[in-house]
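S.K.: Residue numbers (numbering that gives the first Met the number 0), protein chains in the order written: chain R, 0 to 200; chain Z, 0 to 200; chain B, 0 to 200; chain E, 0 to 200.
Because the hints were derived from the structure by calculation, they are not lab data. There is no bait here: all hints are sound.
Same chains, same label: a pair holds when it works inside one copy or across any pair of copies.
DSS-like cross-link-like pairs, simulated, lysine-lysine; straight-line CA separation at most 27 Å:
1) Lys-152 x Lys-89
2) Lys-152 x Lys-133
3) Lys-89 x Lys-141
4) Lys-133 x Lys-85
5) Lys-2 x Lys-133
6) Lys-141 x Lys-152
7) Lys-2 x Lys-85
4 protein chains.
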Amino acid sequence: MAKLYFRYGAMGSSKTANAIMVQYNYQERGQRALLVKPLIDTRDGGPVVGSRSGLQAPCIYMEDFTPAIAEGYDCIIVDEAQFLTKDQVKMLVSIVDDLSIPVIAYGLRADFQGNLFEGSHWLLAWADSIEEIKTVCWCGRKATCNARIANGKVVREGEQVVIGGNESYVALCRRHWADGDLGPQKEDPEHTAGSRRSIRI
Amino acid sequence: MAKLYFRYGAMGSSKTANAIMVQYNYQERGQRALLVKPLIDTRDGGPVVGSRSGLQAPCIYMEDFTPAIAEGYDCIIVDEAQFLTKDQVKMLVSIVDDLSIPVIAYGLRADFQGNLFEGSHWLLAWADSIEEIKTVCWCGRKATCNARIANGKVVREGEQVVIGGNESYVALCRRHWADGDLGPQKEDPEHTAGSRRSIRI
Amino acid sequence: MAKLYFRYGAMGSSKTANAIMVQYNYQERGQRALLVKPLIDTRDGGPVVGSRSGLQAPCIYMEDFTPAIAEGYDCIIVDEAQFLTKDQVKMLVSIVDDLSIPVIAYGLRADFQGNLFEGSHWLLAWADSIEEIKTVCWCGRKATCNARIANGKVVREGEQVVIGGNESYVALCRRHWADGDLGPQKEDPEHTAGSRRSIRI
Amino acid sequence: MAKLYFRYGAMGSSKTANAIMVQYNYQERGQRALLVKPLIDTRDGGPVVGSRSGLQAPCIYMEDFTPAIAEGYDCIIVDEAQFLTKDQVKMLVSIVDDLSIPVIAYGLRADFQGNLFEGSHWLLAWADSIEEIKTVCWCGRKATCNARIANGKVVREGEQVVIGGNESYVALCRRHWADGDLGPQKEDPEHTAGSRRSIRI
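Here chain R stands alone, though its shape is the one from the complex:
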């Protein structure tokens, strides 16, 4: 019986790298797994998913994806699933229930203000299995929140999604997120800015 999986994790928890490895594992066993991502995520400059650690793989856009396409595959893997619309999540449910093809969706749970994204909202409501991909805050505790940073400071207000801005994001535990505490400053600000800039949504 096929299932809809929602694997959620904070910024920088290796969701994309996991998605790519799951596809790799399917293929190694002679199975076909399709990577899909919503068009809103343009950081990779085309239909490609890429992880911070360097792994990359071609994908198709969610906007071009249909149940008819799904029928050629043994598994559908969705990256950046927080950006899905309710109707797109409905389509994934139908692929699972009507075509018996498993769907594994990777995404953030909540935005920088602690509100669910549209995609996460409906995946949390309907997924057969909700699984966490863990990562750590700078303090070593589990990071469950995503902070938006502009000019080195935690930002509290703004649109849920900013395309083309120079904001960056970092995962924090809930206490440091609430306090806006980004931890001890690094000696090399270039390095810090760089590593944070690489974590984008």
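On the provided structure of chain R, position chains Z, B and E as indicated by the hints.
M.R.: Frame of chain R, contents of chains Z, B and E only:
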């Protein structure tokens, strides 16, 4: 480090019985655990949580509950947590983060139309740990959906919460929920009606 | 596809109560679930499983259980599964794989010296799903170890299973188990002894 | 409170790649995470862990690892943990409990005959958290078993660990493992042999 747990399950997955047993286990070890439920749930006729299997325990109403009360306990256990407001979930987060007292919230995930409840919405967004309490559909598959039944038929329209109506609820797998399929009719309709009537929200 | 579940938990984590509730839930949906326990557990005075919280249900002994019996059921639920032999766990695997009947086994993980039981050993090796039933130490941390107590003190040496002795058992976190620290003494020794005596294997 | 995690998965479930990514995530947040592996695993030709997908990272050998070394780190990550001895697992427990440093151990659960490895045995007995890393059989079902293959056939007898042999391993679901069914033959035997040869223990 204290955590906020959201343990969700469909109708009839023994959430209340689990809540009572967790309190029992705390008390057996000399720890104090407080049971809390929102006032909206009046089926037990007072500040009591009661499971279908017969277990019962006194509780206090969420409306009377404050962080000051929490300070006297080692653990806070919330039943019917789907009915919490956003502000009440915020208070639970603060009890976890500011008072370091663990909070375990039991509740439904989605209503009879597949929409999140207010309480589940914010618990899914903010919980440190999301855990499923499993139960089965009449077909033996895992039940993840809640169907509302009136006059022996699955109902699709109506308010999210009906107080004092004669609707009943039953947990189904997603396919049978989508099809409105309640399974083979029992020979003894009294028994069927009775067991379904006992599963209420 | 049927699965073999191993749900492990320390002493007093409500494993038996959970087993009874799962049976109750199956029956409420018109499904048949059979409770089975190994004969070694004679505390209930017959083919009955009973939880400390008072829930009770009839069962059959593992020694009388066969695949032919299993065929009449939708689910097999095993209590005190740590006491199973390797061959009995093999039979459960075959019921899952050859008869497609799900088996849910509840049991302890390790004995009072930290060694796996024979049943837990093979369930941990072969289960399709390993799930923890959590409980707490007297200090509030998760309890993962089982201490044997005789004359109010933690005992380190002895047989894995003692039938008819007056030892008792209590769940502790690993640090307090390693230290043999049973926590602050209760004012009422009768109560303490009583609550501990009720937690037996 | 630090924890000992055992993340088990069948052959080819990306355990090593996950270990490397967890280290990457720690380092990105300014934390220090040490990779350790037992010396028995010589496939990478030195103190390096390498995944089939190409990710690589330096490590130290378990045989050279001591609690004193651990004290310089925020997290210890162990790969190929099935090969640990009981005493090495004990040392990991002590690093968690006495030094409060989290330890994440990745490894196989059972060998090609379905028996636990020494390392997995004690990690399953003592870990604070047991988590599965899933992968699939060629048939699409979850793979939980590891088959040893020699000359294109599943082998049933032999030593648990063979160093320098030309055996290969492949993950199968329990039914296909029991049947010794490796699935439909590929047209390109070179490719098949190659992909299987790359999955070694």
